[in-house]
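Asker: Here full-length UniProt numbering is used: the first residue of the sequence shown is 1, the next is one more, and so on.
Hints listed in this document are in silico derivations from the structure and should not be mistaken for laboratory results.
A quick note: this is a predicted structure, and the numbers were derived from the prediction, not measured.
Hints may contain errors.
[Unchecked claim] Distance windows between CB atoms, simulated:
{"id": "1", "residue 1": "Arg177", "residue 2": "Asn56", "range": "38 to 46 Å"}
{"id": "2", "residue 1": "Gly156", "residue 2": "Lys48", "range": "40 to 48 Å"}
{"id": "3", "residue 1": "Arg177", "residue 2": "Ala35", "range": "13 to 21 Å"}
{"id": "4", "residue 1": "Val115", "residue 2": "Pro18", "range": "13 to 21 Å"}
{"id": "5", "residue 1": "Asn25", "residue 2": "Val57", "range": "17 to 25 Å"}
{"id": "6", "residue 1": "Arg174", "residue 2": "Ala124", "range": "18 to 26 Å"}
{"id": "7", "residue 1": "Arg147", "residue 2": "Ala35", "range": "25 to 33 Å"}
{"id": "8", "residue 1": "Arg174", "residue 2": "Leu52", "range": "28 to 36 Å"}
{"id": "9", "residue 1": "Met76", "residue 2": "Arg147", "range": "31 to 39 Å"}
{"id": "10", "residue 1": "His75", "residue 2": "Trp172", "range": "17 to 25 Å"}
{"id": "11", "residue 1": "Arg44", "residue 2": "Gly156", "range": "33 to 41 Å"}
{"id": "12", "residue 1": "His75", "residue 2": "Lys100", "range": "40 to 48 Å"}
{"id": "13", "residue 1": "Val127", "residue 2": "Asn166", "range": "17 to 25 Å"}
{"id": "14", "residue 1": "Arg44", "residue 2": "Gly155", "range": "39 to 47 Å"}
Note that beta-carbon positions come from the ideal geometry of N, C-alpha and C, so glycine has one too.
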Amino acid sequence: MDATLTFSADSPSPSSSPLDAEVSNLTLQARQLDARGCYYDAERLLHKAMGLVDLNVPSSSLANLLSGLGELYFHMGNLDGAEEWFQKSLDVGVLVHNFKGIAAGRENLARVRRVRGEVLKAKALKVLGAPDDMCCGSYSCANGLLRTSDLRICGGCKGAFYCSHNCQREDWERHKRRCRHGL
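Sequences are here, hints too, so could you generate the full structure?
Answerer: Quick look at the structure:
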């Protein structure tokens, strides 16, 4: 499903509603299915959630939904699809001034670029918002936006940033393949 997103400059940001709760619930269920490798069921739920939202009204929940689609396609190995949805999520995050979402969106696009072997583009994306709005490279990190000076840089590839030694250690299993190959 390819949804074209267009926003008017004066689109209001909707308040939380039962519909928002349903979209959040479907997105959460889809992420759980994605984590278990049930990609097509997760995709079905995310597209169902997309049918419940107005794609022309930017909101944080829309940005999260689009990011969820990007994450799913990334796990499926569909890098073009992942890049498309991560970019749309980033665009929505910019419109609603969701700065953590913006930093996470840049991080997600950088992940796609790293997998494609575009190391310099990945590094440029990650530091685009520096020095005031970067995210830790560990996907399990709960910290929000961080200053560049608060992050540690991976000594191997110089392309991953972490808020603590613990986050770097927790992320090592995922990061080591890319680090050893300069990705």
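Asker: Would you mind marking each hint as holding or not holding in the structure?
Answerer: Status of the hints after comparison with the structure:
Checked against the hint of 38 to 46 Å, the C-beta distance between Arg177 and Asn56 comes to roughly 40 Å, which is consistent with it. Checked against the hint of 40 to 48 Å, the pair Gly156 and Lys48 passes, with Cβ atoms roughly 41 Å apart. Between Arg177 and Ala35 the beta carbons are some 19 Å apart, a value that agrees with the proposed interval 13 to 21 Å. At about 38 Å, the CB distance of Val115 to Pro18 disagrees with the hint of 13 to 21 Å.
At about 19 Å, the beta-carbon gap between Asn25 and Val57 stays in the expected band of 17 to 25 Å. At roughly 21 Å, the beta carbons of Arg174 and Ala124 sit within the given window of 18 to 26 Å. As the Cβ distance of Arg147 to Ala35 is approximately 30 Å, the hint placing it in 25 to 33 Å holds. Distance hint check: the CB atoms of Arg174 and Leu52 are about 32 Å apart, consistent with the given range 28 to 36 Å.
Evaluation of the 31 to 39 Å hint for Met76 and Arg147 yields a pass: the beta carbon distance comes to about 34 Å. The hinted range of 17 to 25 Å is satisfied by His75 and Trp172, whose Cβ atoms lie roughly 19 Å apart. Here the CB-CB span from Arg44 to Gly156 is close to 39 Å, well matched to the stated 33 to 41 Å. Our hint of 40 to 48 Å for His75 and Lys100 is violated, since their Cβ atoms are close to 22 Å apart.
Val127 and Asn166 have their C-beta atoms about 22 Å apart, which keeps the hinted 17 to 25 Å range intact. For Arg44 and Gly155, the hinted distance range of 39 to 47 Å is satisfied, since their beta carbons lie about 42 Å from each other.
Checked against the numbered hints given earlier, the structure breaks hints 4, 12 and satisfies all the rest.
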